[in-house]
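Student: Protein chains in written order, with the UniProt record's numbering: chain A, 1 to 564; chain B, 1 to 173.
Take the hints with a grain of salt, since some may be wrong.
Stated by the list, open to error - Derived lysine-lysine pairs resembling PhoX-like cross-links, with alpha carbons at most 25 Å apart: (1) A:Lys313 x B:Lys28; (2) A:Lys313 x B:Lys75; (3) A:Lys233 x A:Lys326; (4) A:Lys147 x B:Lys58; (5) A:Lys316 x B:Lys58; (6) A:Lys518 x A:Lys385; (7) A:Lys147 x A:Lys365; (8) A:Lys382 x A:Lys406; (9) B:Lys143 x A:Lys189; (10) A:Lys297 x B:Lys58; (11) B:Lys75 x A:Lys316; (12) B:Lys28 x A:Lys316; (13) A:Lys179 x B:Lys28; (14) A:Lys365 x A:Lys349; (15) A:Lys313 x B:Lys110; (16) A:Lys70 x B:Lys69; (17) B:Lys75 x A:Lys196; (18) A:Lys233 x A:Lys179; (19) A:Lys351 x A:Lys300; (20) B:Lys69 x A:Lys147; (21) A:Lys189 x B:Lys141.
Keep in mind the hints are simulated off the structure, nothing from the lab.
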Amino acid sequence: MKNNKISGAEAVIRCLLEEGVDLVYGYPGGAIMPVYDELYKFQDQLQHVLVRHEQGATHAAQGFARATGKVGVAIATSGPGATNLVTGIADAQIDSTPMVCITGQVGKHLLGSDAFQETDIIGISTPVTKWNYQITEASEIPEIIAKAFYIARSGRPGPVLIDITKNAQFDEIEFSYKKCTGIRSYNPKPTLDLEKVKEAAELINTAKKPFIIFGQGIILGEAEALLKELVEKSGIPAAWTILGLSALPTDHPLNVGMVGMHGNYGPNVLTNECDVLIALGMRFDDRVTGNLATYAKQAKVIHLEIDSAEIDKNVKTTVAVLADVKESLTALLPLIKNNSHESWHNEFKEKYEIELEAVINDELKPKKEGISMGETIEMINKHSKGDAIMVSDVGQHQMFACRYAKFNSTKSNVTSGGLGTMGFALPAAIGAKMGMPDREVVAIIGDGGFQMTIQELGTIFQTKVPVKIVVLNNEFLGMVRQWQQLFFDKRYASTEMINPNFIAIAEGYYIKAKKVTKREDLDAAVAEMMASKESYFLEVMVEKENNVFPMIPTGASVSDIRLS
Amino acid sequence: MENKTFTISVYSENNVGLLNRISGIFLKRHINILSLNVSESEIENVSRFIIVVNTTEKWVQNIVGQIEKQIEVIKAFYHVDEETIFLENALFKIEASLLFDEKQIQNIIKESHSEIVTVARDFFVISKSGQRAEIESLYEKLKPFGIMQFVRSGRISVSKAKMEISTLLEELS
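Isolated chain A, as found in the complex (with noise of 0.2 Å):
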């Protein structure tokens, strides 16, 4: 008879392949070399991009996951290796990011005797993935994958951790693949109650000022059809969140902008004024909210969402829908009454005028002689018509990307929102460019967060994988610098950056770079950049000392917006 047995590391590639995984990012050591050995082997069926760094595996991998809505992989060897995934396994847990990380680990028996690169990252990774589990045996490597892959897909998604022992990579086992359908004790979708849906649309159909915010759940849900059309047929003004941004077109007439601490005035304003707060598959965030005691207290608050835990644990609800959005919206869509709630949407209209006036204006057409962030988004949207990818870093340069990205499509930004994980630009615009490659991929960082995963051009020119990267150079940490401007009478402690010659580095890397220093130099360099078949690199020198406004100063309330 015949011999079927494989080895438990080439199971691990034959489950990736059932998963349908084609494309994995990780970095080998002595652990995972097993692992190594059978990627080597599976080359032509299962691509492995080589990071310069294990944390850059994990943002490439949430940017493959947030493009293009699948699970994204990173694979790295034990003790250092693993602990490096944990900023990216942390970033994922609080984006909610579908990501499988594999890592391998000492043999079983040495489990436990501080053997070389053993580092406990069970215990580590624990309080930010998802799940985890440590796999001693091979036998138990396609049940726990195939676990893994449902655990990190379903429900709300999040990062799974599987830890490999190097004798379950060696041993051999029979291989049959199951995928999972199901685990008794984990509900990832819980059953709609109609009678909330009902009550909700009775909410929504008497509200004289109603106002959605919508966050990531719509995206990650496949729900954005259904806003589009809930919004149309209500008349219903929506601001997004920022990791809902591009689930709605952004030049769509009821988009009113974005809610939170840097967000769009009068979202952040009438949020105190509106009756009904519908809030789709967001988990209102305290970044969104400012104050929770002074937040939309006067409304009542409908909250469509996936996770039970998120349901009162900020905002009391008056109607809580428990469900899959989409499915919640489905049932929703029909009971709503046609409306268009024009005077309501006037006060939008007004409030919009006055940042246009206090801050817009300036931003993207400035007096000053340096160049804003702002007017170079603006640049970029010219040129993009609002179809690229955009990948932000964090901090100013990211806020004004969100303010003034134009976006047609969803699953249009990729940012890190929630854990605000300077470095993850760079990596997470090579993973989303390799996940749609049809579509242009534009990264904006700052020279901060640049050179904090920097070494990842090195990914970008072996792969050649064309990504486009703008590189938006104060000079300062400016986000941290403009809070000391604010708050701690300009003392800039530690925020003033000596930078490197960045075109240099690039070229280092023969990436074609270009440094635009002057505002007439702006068009032409990003329409270069654009038209470039190849990955490239700009950087622009921008004013020094600008500010990001509005803000919601932390503890204030979202009606204590500055316009500056």
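Since the structure of chain A is provided, determine the placement of chain B on it from the hints.
Tutor: Just chain B now, with coordinates in the frame of chain A:
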């Protein structure tokens, strides 16, 4: 909102690492666990955690939500003391001679409804089940005679209301 004592009950799969995952939820919120007990439950292969904390109802709701969200947790509840039957166990190790020399000790044992579980040449052991205050009172009474060792278990409790776990599990499987 005022702080109160809550008993959190968690029904879960019996897996390595779950205790760590659950205790982390308290750690993250800087909440001290007053008592913790893990055992089998009335259902085969299902573990039951009994966790006692002192916090606000808002926090305990939030914590139970986060616990229940863990993949391997089947169901979590919280109760106030009035809603449960609960007790703790304590063991007192005392020098053997005292049992014979100090008549009063025998009275203390009788009055406190505790029992002697073993008598050896050098020591004897008293076991007491009951609420915290009863155990503390016994401790105070025995203390003057000298306690060689003392240990008290975490709270164990059952709810007065029915727990719908079995039916829930049937529906799931």
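Student: Hey, Lys28 of chain B versus Lys316 of chain A, does the alpha-carbon distance stay inside 25 Å?
Tutor: Within the cut-off at roughly 22 Å; holds.
Student: Check the hint pairing Lys518 of chain A with Lys385 of chain A against an upper bound of 25 Å on the C-alpha distance.
Tutor: holds (23 Å)
Student: Check whether the Cα positions of Lys365 of chain A and Lys349 of chain A lie no farther apart than 25 Å.
Tutor: Measuring from Cα to Cα gives roughly 20 Å; hence the hint holds.
Student: Holds or violated: are the alpha carbons of Lys233 of chain A and Lys179 of chain A at most 25 Å from each other?
Tutor: violated (40 Å)
Student: Is the Cα-Cα distance between Lys297 of chain A and Lys58 of chain B 25 Å or less?
Tutor: holds (18 Å)
Student: Hint check: Lys313 of chain A vs Lys110 of chain B, CA-CA at most 25 Å. Holds or violated?
Tutor: violated (50 Å)
Student: For the pair we were handed, Lys316 of chain A and Lys58 of chain B, check the Cα-Cα distance against 25 Å.
Tutor: holds (11 Å)
Student: Would the hint linking Lys179 of chain A and Lys28 of chain B be met if the CA-CA limit is 25 Å?
Tutor: violated (34 Å)
Student: With a cut-off of 25 Å on the C-alpha distance, tell me whether Lys382 of chain A and Lys406 of chain A pass.
Tutor: Holds, at roughly 9 Å.
Student: Has the given pair, Lys75 of chain B with Lys196 of chain A, been kept, meaning a C-alpha gap of at most 25 Å?
Tutor: holds (23 Å)
Student: Sort out whether Lys69 of chain B lies within 25 Å of Lys70 of chain A, counting only the CA atoms.
Tutor: holds (22 Å)
Student: Given the hinted pair Lys189 of chain A and Lys141 of chain B, is their alpha-carbon gap at most 25 Å?
Tutor: violated (56 Å)
Taken one by one, the earlier hints fail for this structure at numbers 4, 7, 9, 13, 15, 18 and 21, listed in ascending order.
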